[in-house]
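Participant: Those protein sequence lines, which keep their order, are chains A and B. Numbering-wise, UniProt numbering puts 59 at position 59 of the first sequence, and it's gapless, one number per residue. Numbering-wise, UniProt numbering puts 27 at position 27 of the second sequence, and it's gapless, one number per residue.
If you are wondering where the hints come from, they were derived from the structure by calculation, not from laboratory data. All residues carry an ideal CB built from backbone N, CA and C; glycine is no exception. Just so you know, nobody snuck in bad clues.
Estimated spans, in silico, between C-beta atoms of each pair: (1) 17/A to 46/B: 31 to 39 Å; (2) 11/A to 57/B: 14 to 22 Å; (3) 34/A to 22/B: 17 to 25 Å; (4) 5/B to 10/A: 33 to 41 Å; (5) 55/A to 46/B: 22 to 30 Å; (6) 51/B to 3/A: 17 to 25 Å; (7) 49/A to 46/B: 31 to 39 Å.
There are 2 protein chains.
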Amino acid sequence: MADIKYEIKENLGVVSESPKGWTKELNLVSWNGRTPKYDLRDWAPNHEKMGKGITLSAEELKELRDILNDMDL
Amino acid sequence: MADIKYEIKENLGVVSESPKGWTKELNLVSWNGRTPKYDLRDWAPNHEKMGKGITLSAEELKELRDILNDMDL
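Based on the sequences and whatever the hints tell you, model everything.
Facilitator: Right, here's the structure in full:
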């Protein structure tokens with residue numbers, strides 16, 4: 001991960017927090033100076049380390065929202 | 001990935017499809033025979049290969065749903 005530069009432009013929400021303080025967050029993140037993308041990912045406290053995650057477009061978030069709203073959660 | 005066994009128990013929805021036919025999907029997936037988890041992931045056509053993704057609990061999906069419903073997408 002050492003070569004990846006990122007900047008969290010906006011924190012949209014915390015989905016969960018683990019006992020060790022890692023948080024699963026939805027953020028708007030710019031990778032290597034590029035246009036920011038939505039990003040769902042695990043982070044260590046203070047965003048010092050990043051875990052697994054995926055990036056999503058606004059269109060994909062809209063679809064995901066509609067899918068989740070149709071589910072019996 | 002060769003050692004990972006998985007079974008897609010339920011397809012909850014397709015978030016997007018790439019020009020090459022890969023789809024980003026929300027599924028309920030059992031990994032190595034364990035209790036199924038929600039899984040947001042890219043898949044090759046016919047689920048022959050899997051790409052990056054994350055697993056989520058029902059609680060995490062609820063939080064994510066609420067975050068998405070609060071956003072101006």
